[in-house]
Amino acid sequence: MLMSKNHSDTFIRARPQEVTFYTVGNAEPLEIIVEISSNNDGGLFCWPMLSNYEQYQTVFVVKEWYGGIFPIMFFSAALIIILMVLILNFIKINRKIDVPIILYMLALMVHYIFTVEVAEQLFALFSNVNYYYSHYFSYITGIVLWAAFVLVLKKYNIMKSNKLVDGIIIGVNLLVMITFYLLAGYMIRYWLLLIPAASMLYYIYYICKAAAESVKFAPILIIQSIFIFMVLIMEATDNNGVFLIGGGGVYSTAFSIILILVLWVYVLQIKDTINNSRNAERLEKEISEVKNRALKAQIKPHFMFNVLTSVQDIYHNNLEEGDNALAKFCKHLRLNVDSEYKDMVSFNEELS
1 MLMSKNHSDT
11 FIRARPQEVT
21 FYTVGNAEPL
31 EIIVEISSNN
41 DGGLFCWPML
51 SNYEQYQTVF
61 VVKEWYGGIF
71 PIMFFSAALI
81 IILMVLILNF
91 IKINRKIDVP
101 IILYMLALMV
111 HYIFTVEVAE
121 QLFALFSNVN
131 YYYSHYFSYI
141 TGIVLWAAFV
151 LVLKKYNIMK
161 SNKLVDGIII
171 GVNLLVMITF
181 YLLAGYMIRY
191 WLLLIPAASM
201 LYYIYYICKA
211 AAESVKFAPI
221 LIIQSIFIFM
231 VLIMEATDNN
241 GVFLIGGGGV
251 YSTAFSIILI
261 LVLWVYVLQI
271 KDTINNSRNA
281 ERLEKEISEV
291 KNRALKAQIK
301 PHFMFNVLTS
311 VQDIYHNNLE
321 EGDNALAKFC
331 KHLRLNVDSE
341 YKDMVSFNEE
351 LS
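The numbers in the numbering used here rise by one with no breaks, and the one at position 67 of the sequence shown is 67.
Hints are computed from structural coordinates only; laboratory data are not their basis.
It cannot be assumed that every hint is accurate.
Restraint-style ranges between C-beta atoms, simulated for each label pair [unchecked claim]: (1) Phe-137 x Pro-219: 49 to 59 Å; (2) Asn-317 x Glu-286: 21 to 31 Å; (3) Lys-154 x Gly-185: 32 to 42 Å; (4) Leu-122 x Ile-223: 24 to 34 Å; (5) Glu-286 x Cys-208: 35 to 45 Å.
Okay, derived cross-link-like pairs now, PhoX-like style, lysine-lysine, Cα gap no bigger than 20 Å in a straight line [stated by the list, open to error]: (6) Lys-209 x Lys-154; (7) Lys-155 x Lys-216; (8) Lys-96 x Lys-216; (9) Lys-291 x Lys-216; (10) Lys-160 x Lys-209; (11) Lys-216 x Lys-271; (12) Lys-155 x Lys-96; (13) Lys-154 x Lys-216; (14) Lys-163 x Lys-96; (15) Lys-160 x Lys-216; (16) Lys-331 x Lys-291; (17) Lys-331 x Lys-96.
Quantities reported herein were computed from a predicted structural model and do not represent experimental measurements.
All C-beta atoms in this analysis are idealised placements derived from N, C-alpha and C, irrespective of residue type, glycine included.
Produce the entire structure from the sequences given, and follow the hints as far as they go.
Structure representation (structure tokens):
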């Protein structure tokens, strides 16, 4: 079979339409499947060469479930998680809308759409669009995803903002991506991937450093960064091993874990908000009790003796005025001893 070295002609992913089993003597049924596909360099390779029914079930039956059904499950779960995060931002659980988090989740979903097999199903809807060009969108959205993740790192004070360094890193990686495509067909271009990999490791180093310093949310962000790093490296290096079990399922699993970790950050923030509210309420009660004790301490025995002696003298002169004085004194004691701070009689009024 002769095929053109042009990408548009050779970028195919064949699937077996029929499976034939052969029995040789008393041996087990023998199946031979050779699938020919093309890689990004325009060359051809064969995968897999299957020789038994179990391997066929693993590659083409289990794969169809994991790579086809699991992405649908992921989309359903992702929509629920994103809706929950948007609601929490709408009610301003952090007193303001978390713009970096929203951009980060949007970048996650956009990049997920252009991962292998998911993009294949998407591009199948447009017959006039070549599936090969999905890789352009994949790498571009990958850079956008990592840039959004860096914004999240800044938000949670994982690393200080340095626009010059960030600008240089983004610019260099854009040049690497352009050069990567210009060198299509040459294996040397894969060495260029060391630059974006080193860039990601640079930020991961700061996350690990923040975790060592017990910076809040740093451990969760470490796990997220590892999964993002893994996804981007698998895509950039054309790791065809994921096809054996279903690329859609592999990437859906990774992105599911990332989204759950994003939601977990909000769960911890809600927990902190509840604890802070309880602490504030407890502190307010403690302050009220201290003020009550302070006012109670003002009621000294000599003060009681002087007041009662005065009331007794008033009674001797006028019974009605004595009743009024006694009533005022009782109100004074009740308000200062039994009531909340807002209803207490002032110290100046007490002296009068």
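20 Å limit on alpha-carbon distance, applied to hinted pair Lys-160 and Lys-216
Since the Cα atoms of Lys-160 and Lys-216 sit roughly 15 Å apart, the hinted pair holds (cutoff 20 Å).
Pair hint Lys-155 and Lys-216, alpha-carbon separation not exceeding 20 Å
holds, 11 Å
Does the Cβ-Cβ separation between Asn-317 and Glu-286 fall within 21 to 31 Å?
violated, 45 Å
Please verify whether Lys-163 and Lys-96 have alpha carbons no more than 20 Å apart.
violated, 24 Å
Taking 24 to 34 Å as the stated bounds, is the beta-carbon spacing between Leu-122 and Ile-223 within them?
Holds: the Cβ-Cβ distance is about 28 Å, inside 24 to 34 Å.
Restraint status (C-alpha distance of Lys-96 to Lys-216 at most 20 Å):
Roughly 18 Å between the alpha carbons, so the hint for Lys-96 and Lys-216 holds.
Does Lys-155 pair with Lys-96 here, judged by a C-alpha cut-off of 20 Å?
holds, 12 Å
Is it true that the C-beta distance of Glu-286 to Cys-208 lies inside 35 to 45 Å, as the hint says?
Holds, at about 40 Å.
Would you check the hint for Lys-331 and Lys-291, treating anything up to 20 Å between C-alpha atoms as holding?
This hinted pair holds, its Cα atoms lying about 18 Å apart.
Does the structure keep Lys-291 and Lys-216 at a Cα separation of 20 Å or less?
violated, 36 Å
Pairwise hint evaluation, Lys-271 against Lys-216, where the allowed Cα distance is 20 Å at most
Roughly 13 Å between the alpha carbons, so the hint for Lys-216 and Lys-271 holds.
For the pair Lys-154 and Gly-185, does the Cβ-Cβ distance stay inside 32 to 42 Å?
At roughly 39 Å between Cβ atoms, Gly-185 and Lys-154 fall inside 32 to 42 Å, so the hint holds.
Violated hints for the displayed structure, listed by number in ascending order: 1, 2, 9, 14, 17.
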